[in-house]
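**Student:** Each chain, letter by letter, is given below.
Number of protein chains: 2
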Amino acid sequence: MFDLLHTAPSTKARRGRLTTPHGVVDTPVFMSVGTQGSVKAVDPRELRELGTQIILGNTYHLHIRPGMDIIRAAGGLHNFINWPLPILTDSGGFQVFSLATIRKIKAHGVEFRSHLDGSLLFLGPKEAMQIQRELGSDIAMVFDDCPPHTSTPREFRAAVERTMRWAAECREQPRAPGQMVFGIVQGGIDPHLREECAKSLVALKFDGYAIGGVSVGEPEPEMFRAVEITEPHLPADQPRYAMGLGTPAQMVELVARGIDMFDCVLPTRVARNGTAFTRKGSISIKAGAYKSDFRPIEEDCDCFACRHFTRAYLRHLLNVGEILGLRMLSVHNTRMFVRTMEQARAAIENGTFAEFRRDFVANYVPTQKVLLARAAAADR
Amino acid sequence: MFDLLHTAPSTKARRGRLTTPHGVVDTPVFMSVGTQGSVKAVDPRELRELGTQIILGNTYHLHIRPGMDIIRAAGGLHNFINWPLPILTDSGGFQVFSLATIRKIKAHGVEFRSHLDGSLLFLGPKEAMQIQRELGSDIAMVFDDCPPHTSTPREFRAAVERTMRWAAECREQPRAPGQMVFGIVQGGIDPHLREECAKSLVALKFDGYAIGGVSVGEPEPEMFRAVEITEPHLPADQPRYAMGLGTPAQMVELVARGIDMFDCVLPTRVARNGTAFTRKGSISIKAGAYKSDFRPIEEDCDCFACRHFTRAYLRHLLNVGEILGLRMLSVHNTRMFVRTMEQARAAIENGTFAEFRRDFVANYVPTQKVLLARAAAADR
Chain A
68 MFDLLHTAPS TKARRGRLTT PHGVVDTPVF MSVGTQGSVK AVDPRELREL
118 GTQIILGNTY HLHIRPGMDI IRAAGGLHNF INWPLPILTD SGGFQVFSLA
168 TIRKIKAHGV EFRSHLDGSL LFLGPKEAMQ IQRELGSDIA MVFDDCPPHT
218 STPREFRAAV ERTMRWAAEC REQPRAPGQM VFGIVQGGID PHLREECAKS
268 LVALKFDGYA IGGVSVGEPE PEMFRAVEIT EPHLPADQPR YAMGLGTPAQ
318 MVELVARGID MFDCVLPTRV ARNGTAFTRK GSISIKAGAY KSDFRPIEED
368 CDCFACRHFT RAYLRHLLNV GEILGLRMLS VHNTRMFVRT MEQARAAIEN
418 GTFAEFRRDF VANYVPTQKV LLARAAAADR
Chain B
68 MFDLLHTAPS TKARRGRLTT PHGVVDTPVF MSVGTQGSVK AVDPRELREL
118 GTQIILGNTY HLHIRPGMDI IRAAGGLHNF INWPLPILTD SGGFQVFSLA
168 TIRKIKAHGV EFRSHLDGSL LFLGPKEAMQ IQRELGSDIA MVFDDCPPHT
218 STPREFRAAV ERTMRWAAEC REQPRAPGQM VFGIVQGGID PHLREECAKS
268 LVALKFDGYA IGGVSVGEPE PEMFRAVEIT EPHLPADQPR YAMGLGTPAQ
318 MVELVARGID MFDCVLPTRV ARNGTAFTRK GSISIKAGAY KSDFRPIEED
368 CDCFACRHFT RAYLRHLLNV GEILGLRMLS VHNTRMFVRT MEQARAAIEN
418 GTFAEFRRDF VANYVPTQKV LLARAAAADR
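One line per chain: the protein sequences are A and B, in this order. Be aware that the first sequence starts at 68, since it is given in this note's numbering, and climbs by one per residue. Be aware that the second sequence starts at 68, since it is given in this note's numbering, and climbs by one per residue.
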């Protein structure tokens, strides 16, 4: 299901192709986040026009609203939301541990109260896999225990042990036709824990492996370290997915560290605050500097927003609260993330990835605002 | 500039064609409201796909934000917002009298405080026409005095006298190349006042005539009466525009009373509350009845929303606060208004307008919710 097409000299970057029931995904890939069955403010036509290959849905959120009765009656998530291309579903583990009020962690899952109405719910490996089977996603994720990055060594160990046990339970559950299941490696920044967790999951023979416990508010060096100590223990011939990451420069750095798949709420989240991503970093389109700037957000961008609207107009729309403003920034930002991965793929194929990475990271100046938004994005 | 192509037997309905610098407008026509330079939540491509021929902009709002320096630097409103088809601009009279805090009504305009930041501004015939010239709209409206429908006879008379005097001033101002100017008839439901105002404006030879002082919170019978007592005094060979109206059934009734042009915020405004217009009246898509309803909003609708999404999915989006929900209802509702006018035009051409009107109004059951929203829309 995963073909490794090219590797890059002098880095760990990989060019691959993942075949799913709903089509092919070229990697490295940025996956847009559609937590509640919609990539925020963007419609499916716009997503396809900007080159989106695969989107995310979320078990926890979709299970609560609209509920599985409705999605089952619709014939699965693809039908319900009218998205014919691949979908990856997160298991809900992250959300149970970050959004919900946990009542009790039990042997086979977590009893928690919904963040919405406080109703008592239970989610564990069996339930998460059943929901994902009914959602009919192309890639399902195991139900893991994702602790805060500030946890104690004892807490990290307990989370890894639970994650490994739950992964084995997930592995035994039935799947939707053709559905792949990815394991999730936890373990903080402890190399032994990460290795132990990775090896235990690899022994279970999943279809791909994710690095979890990143994008949970940790400083950037810890995030890179978590990836660096995990990646060597993952099989070369299967896809690797860094969950919840990152900025464009972080994604390029993670491609160089052997990661194939990314998802992040940043492009649409910061759009709603008027922030646009460019090749040189992010800019606040609301700034007075753009009030008579009749250039597109980014001169050489091919997105719908850049082909049709100026910074001055988008600034006006954002300042008066017109939805078209945040819509167009969401389109542009998503295109910027998707395009960065297109450029990375081309560079790997051409054997120029090392130069691409060097130039990209040198030109890209991350703003504090976006880094803070990334930290806050842990409530996704 | 206006060609009267067909008239309907047994009603006053007319099929016309208005030629403007940015293209032809087939009448009767529904014009989408883009007060601040954007039809709320809908993009220009979507507007064109759903058959929008002309949109509105607003002098008062655009003058305050982004301000004329920026729109002038952009080369006018069409360029600024990237809308290549016709634009009609309202003069700001209605907004000054409904939104702003009036400080003093003077001989040549109104001194008022901005509803946004309280800054002191002045708008009169000369200023309103200059702004509209710089906006470069295809149709400019005169600066009128639009009193509340609860005004006294003395207040209505004063408003009409001021409106006539200001109309004469507007008539003398320079225009953008090819720009048309429409007069606005005031006078409440007093036949003598309406006649006097209409005749005075017609003597000034405007390019078209609007009926103002409607959609200001008055009961529906008063609205129809204001139109019925005004229309006979307007030239048959020029376009007539009922400002701020109405529901689909009201528009059909007004076409039957000889009106050619309409604008209303209803389609996009009620969309943001989850209300969809259909041929049978409006429905609240958030209602539990639609939770497993996998039909489109309206079975025979050709809009983007109805071609792609179900009621169940749109209900979910609205309930979880996803922007795509209100976007798609805005698209559908606008299409429903535009299509009603397409159907009216075809019926006039085919000589079947009387039947079309009878069937349309008989099938259309207005909801109290929408009628209240129309009343509230007086703050447009």
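Hints may be right or wrong, so weigh each one.
With a cut-off of at most 30 Å between alpha-carbon atoms, the simulated DSBU-like pairs for lysine-lysine come out as follows [what the hints assert, rightly or not]:
#	chain 1	residue 1	chain 2	residue 2
1	B	Lys193	B	Lys171
2	A	Lys79	A	Lys193
3	A	Lys193	B	Lys347
4	A	Lys358	B	Lys347
5	B	Lys358	B	Lys347
6	A	Lys193	A	Lys266
If you're looking for bench data, these hints aren't it; they were derived computationally from the structure.
**Student:** Look at each hint and say if it fits the structure.
**Tutor:** Evaluated hints:
no. : hint                 : result
1   : B:Lys193 to B:Lys171 : holds, 17 Å
2   : A:Lys79 to A:Lys193  : violated, 35 Å
3   : A:Lys193 to B:Lys347 : violated, 46 Å
4   : A:Lys358 to B:Lys347 : violated, 45 Å
5   : B:Lys358 to B:Lys347 : holds, 20 Å
6   : A:Lys193 to A:Lys266 : holds, 22 Å
Of the hints listed earlier, those the structure fails to meet are numbers 2, 3, 4, in rising order.
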